[in-house]
Amino acid sequence: MSLIATLGRMEAVRAGQAQPAATVCHRRLSARPLVFVPLTTAGEAGAPLGALVGTDPDAPRLLVVAQPRDRDLRFAFLAELADVVLPYIDGFAADVEAAERTETDPETGKRIKVEAELCADAPQLIVPSRAGIDFVRLLGRSMRFRRTAEQDPETPYPAPPRVPLLGRWLTHFGERARVPGSSLLLALTDVLGLHWTTGQSSLEDQHLGALLAWIAPPDGLSGARAALRAELARGADDQLLCPPAGPATDPAFDNRLLAPAIERYDRARTALAAAEDGLEADDRLGDLTNAEKAVRDLVESRTLPTWQAVWRGLDLLRELPEGAHVADRWTRDRWSFTAHRDRVAAGEPPQPRRDDAVTAANKLASREREQARLDAQEALDDPLVMAGRRLAGEAFAGEVVDVVMAYSESKRPSPRPLITVRTADRPHLGERAKVYRSLDGRPQTAEFVGTQDAGDDAVLVLRIVDKMGRGKEPEAGSVPERGDRLCFTLFEHDQRGGAKLPDPEHTPWTHGGPPGEEAAVAETADPVTEEDVL
Amino acid sequence: MHERLDPRAEPPHRAHVPDLTADGPKGRAKRTRLALGAAVADGGWTLLDHPMLALDVAGSPAFLEPDAVVVHPDGSWTVVEIKSFPMLDGSADPAKVGAAARQAAVYVLALERVAAALATDGEDDGEGGEGEDGGVHGRVPAVRHRVLLVCPKDFSNLPTAAAVDVRKQRAVTARQLTRLTRLEDIADALPEGTCFAPDRPAGELVEAVERVPATYAPDCLAACELAFHCRDRSRADGAVATLGRSVRADLGGLATVEDVLSAAHGESGDPDDPAVAALRRAAALRAEALAGLPRIPAPAGAHATETTAGAHATETTAALQGVPACP
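One line per chain: the protein sequences are A and B, in this order. Okay, so the first sequence: first residue is 1 according to the numbering used here, each after it adds one. Okay, so the second sequence: first residue is 1001 according to the numbering used here, each after it adds one.
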């Protein structure tokens, strides 16, 4: 945590309210996001208990698994989830615009531009917390290798149609969430924490209720007290007033309310199965419906507060203006969405359990590149982020006190003006270090020449080396003037890609060699073991 | 075990599983020690199901019960840890694996003590005790630093296992154990008659707990039931560590939130102190960046109440009652 963020936290402690950590919104917030508030069953991997999902804050769809260990009910839940999520995703797939993409021509090996489709907008999934992102990934993994009866008639426990497809999409969202700066799948606590500093530790910021309590405390309460209430306050029934945002539930809820309700449901189901005639069965069916409704009500009571908190958090974020580079990053998200849409349409197999060496290296390289890009763009978009970089000596802002025209010593002299900047910052400049400033959104490079001593402030002499046109005289506006206030960064504004990696068929032996025949065989679904079936 | 940790040993056809039942933890620990000695002497594979180990923690013995300990044919020992979180495609939640590794590291340490004790026993009385089993004369049985973590495989209830290297955790734990304040020292610092028995009245217990010094950090919340209590206290003192362990590192000698803020705003502190100078620069840069933003008005009364430290504890209880809705 930078000193500026630390200071922000302390000011929040003193003020009793969260303080801004950003002046603009650094993530794209879709006009119509799909909010997903899942709950999971304690002690079993990938066994959802229920979820609220939907795009309308007033009309969430409640999905519940009355007996989370029952595979049939779980599949029914996933099928219902697919019925909500897939139409939402498909709604974005059809609306395309023409775009260009650079590709390597297979024959000549040259980089050429090709026409491509790009979806005009992309879906956005919002979950309450970081654990929610892991859960999306887990659901994706549990579904994408399943086979439907149509794909494989022999499969012992066929999945309902569209469930494997949902798994592939959730996997894609989960993978994309690992790319820094992407907005396809967002955890609300992360996004809120990016824009506000609270008077508590970042660990405690993971609690959505407490985080919101700091940002927008209810009337008459300070953030600290409201956050404490969100964390700990229990009602007369000993249940948390503000249930955890999930997917894990509060143990007190599991033990006192949920377990008895599920047991009642089990009993009602056994009784129905044992019913001997129609009249008795009718009665018992009524019991079963009541028991199921009890579980539904419980799940709804735990998810609805979180659902409302998520929408309130989104409203808070929407009050911030969007950062200038956010649209650029969202375009990358749209490319990612379009590419996966095409992979699905082309009938490619689901994402493998483990990436091959080349794919993994590519992913890692692109994430590193995106991280550097994100760091630069956030600083350029937001003076508060830039303040942190200035404090760290990675940027400096100051006033131009002198401009002297000079020319390079080549046959065709080009302008190399020397500018003198007075700054109170203390950049770590090495000899001939390159610094960059934003000139109409494009980086202009300057070279550090020397420094003059002038009391507290540093006076730096810089030589501007590019973006001044081809002529002998620099283009109008491309050279700063005396009195301009400028901000130079020591980091580059745009990231260059690294060296190209080989195709998977040419993976060097040091990295396991070409994938070979094993990879050609489609991955099989997880086998169903005896113990999985009730 | 053979496959993951010791592929060069002979494959286990039948493993010896000694009975370890005995009266009380001390008896079971003794029994475990005997069984370990016998297994080493025996050669071949031995599995000790839920053995009992003793480890000296801050001057008082603590009894530990690993899920299992395996003795290899070469006489070395491996800790087996069984966990309920799933291993998905060969990888599991790193936080949970880390916790399991730390736990196993404690068992490894305890086993190392047993191993050392067995070796010296063997030297001291060659005729009796473990020496009779013929095994460990002077040679310290090796405790392997790779433990076996057993988890459910993918989404099923079938077991799968992976070897986890706990050398780092072992070293950290060993160092922490030697640095722990001894229980007697803590007890000596407390006034006569302090009692923590759960049947005492709540007020008295709170008072007793208050007397013990605690160093709160946010990580405590995940591990300790008293964390909320310590956090209240730490917040009331305005300690900077309440905001995270790393916060302290940047702030030099400034220990409370009020100190930091007044130093940052130039009201106190020595401007030649690098921490203070950095804080002032940070405060100036932050103010400059925020100058363009409309100020958020603080909620009425919040400033006054939050900065008075003493009132905090009573406010806490007040905040917990009453107001029904979730914020």
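Please note: incorrect hints may appear among the correct ones.
To be verified - Straight line, CA to CA, 30 Å or less: simulated DSS-like cross-link-like pairs of lysine-lysine:
{"no.": "1", "chain 1": "B", "residue 1": "K1168", "chain 2": "B", "residue 2": "K1083"}
{"no.": "2", "chain 1": "B", "residue 1": "K1026", "chain 2": "B", "residue 2": "K1083"}
{"no.": "3", "chain 1": "B", "residue 1": "K1153", "chain 2": "B", "residue 2": "K1096"}
{"no.": "4", "chain 1": "A", "residue 1": "K363", "chain 2": "B", "residue 2": "K1096"}
{"no.": "5", "chain 1": "B", "residue 1": "K1030", "chain 2": "A", "residue 2": "K363"}
{"no.": "6", "chain 1": "B", "residue 1": "K1096", "chain 2": "B", "residue 2": "K1083"}
None of these hints come from the bench; they were simulated from the model. These numbers were taken from a predicted model, which means no experiment stands behind them.
Do the hints match the structure? See the list:
1. B:K1168 - B:K1083: holds, 20 Å
2. B:K1026 - B:K1083: holds, 26 Å
3. B:K1153 - B:K1096: Holds, because 15 Å separates the two Cα atoms, which is no more than 30 Å.
4. A:K363 - B:K1096: Holds. K363 (chain A) to K1096 (chain B) sits at ~25 Å (cutoff 30 Å).
5. B:K1030 - A:K363: Violated, at about 54 Å.
6. B:K1096 - B:K1083: This hinted pair holds, its Cα atoms lying about 9 Å apart.
Going through the hint list in order, the structure does not satisfy hint 5, though it satisfies all others.
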